[in-house]
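Visitor: Please dock the two separately framed chains into a single complex, following the hints provided.
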Amino acid sequence: MNTEYFIVLGAILFFPLLLSFVMRLGMYRRAGPLLKAMGIVSILYWAWDIAVTARGHWSFNPDYVVGFRIIGMPVEEWLFFLVLTFVSIFTYEAVRKLLERK
Amino acid sequence: MKEYTLFAVGSAIAVVLLDHLLGTRVTVRRTFWVTIAIMFFFKIPSNGYLTWRPIVIYNPDYFLGIRLGTIPVEDFFYGFGLITLTLVLWEFFLRRERRHEL
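Those sequence lines, one after another, are chains A and B.
Residue 1 is where the first sequence starts when you use our numbering, and the numbers rise one by one after that.
Residue 1 is where the second sequence starts when you use our numbering, and the numbers rise one by one after that.
Restraint-style ranges between C-beta atoms, simulated for each label pair:
hint, chain 1, residue 1, chain 2, residue 2, range
1, A, 17, B, 37, 17 to 25 Å
2, B, 102, A, 47, 30 to 38 Å
3, A, 40, B, 68, 28 to 36 Å
4, B, 100, A, 66, 37 to 45 Å
In silico DSS-like links for lysine-lysine, alpha-carbon gap of 27 Å or less:
hint, chain 1, residue 1, chain 2, residue 2
5, A, 36, B, 43
6, B, 2, B, 43
7, A, 97, B, 43
8, A, 36, A, 97
I should point out that these hints are in silico values taken from the structure, not numbers from a laboratory.
Beta carbons: idealized from backbone N, C-alpha and C, even for Gly.
With the rest of the complex left out, here is chain B (with noise of 0.2 Å):
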């Protein structure tokens, strides 16, 4: 197994083991999902032309080296976690916040 794919596997996973765990329950909103198809969509464009140029570039040595057009598929799983994470955390301390003002 190679690092970068088992980092970005793992994060993938341990962000929606955090969102259980915190109760935030994200993860289980179609609210979430329509936000990771849009995030996605425009993704491909971004990462697209990161990877296509390349302006990132990556060692062959720490993934797997199955692309998506130009992106490495564990750039997905590493969006997902990013985007995921992020998502979590908002609603963890909006949810403190507005329970503050009660």
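Next up, chain A with everything else stripped away, as it sits in the complex (with noise of 0.2 Å):
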């Protein structure tokens, strides 16, 4: 058991999700299209990383991950999708503030 899959995935999490607080992005407020937009990428990605896994594609190394697997995926593979998708709406609308304030 190792963490570092983990410890990845919050690194990559840690400040988008500290900025979407302070951002005043609106993003919560929209939280019907968020979860929406989060939900259909990754049900569309784990479908398609269940598929080739199992074909061999790419596998992960047990050696850094916590060993907790749901059909034979790391339990870290799964939250992937979830933190990529919820960082890239973050950037997006972190960018949009920036670039199109009037």
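Guide: This is the structure we're talking about:
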């Protein structure tokens, strides 16, 4: 058991999550669209990931994951898509606020 | 052609087409390209770490074997597809919700 993949996810999420509260981007007032976009993309990419992991496109080094698996995939890999979709939307809204501010 | 190469490039093209089909026009905005630049900037250390360690192990049967540092080139197309689909759907659901409020 090793938490390295978890730490990478935490590092990706930390500042975007923190700044999403500080920057007043209004993302959380749009919880419906936020959850729909994150959910649909995650479902599509989970399906892709499960299929090609089973096929052998890639594998996860057991030395660096906590070892809890769902449908053959480490829990970190499931969280990866929720983290990345959130961070993508945060970055887009932060850039929009900075670039399009009147 | 290797499978991951095909899927990754195909997904990147498909999301740009979807953006035009849905009329979200995310990929024609400066905000979008600045977001992609920022996401790719942070992708290098995070994806780099995952592939350097390696936490994720790629099967040479399914990708070209061309890496930027330790990152397979396919990962940039994959990442572009993931980020872009997220932003297209975010914009799509955001607009739909705003329309319903009018």
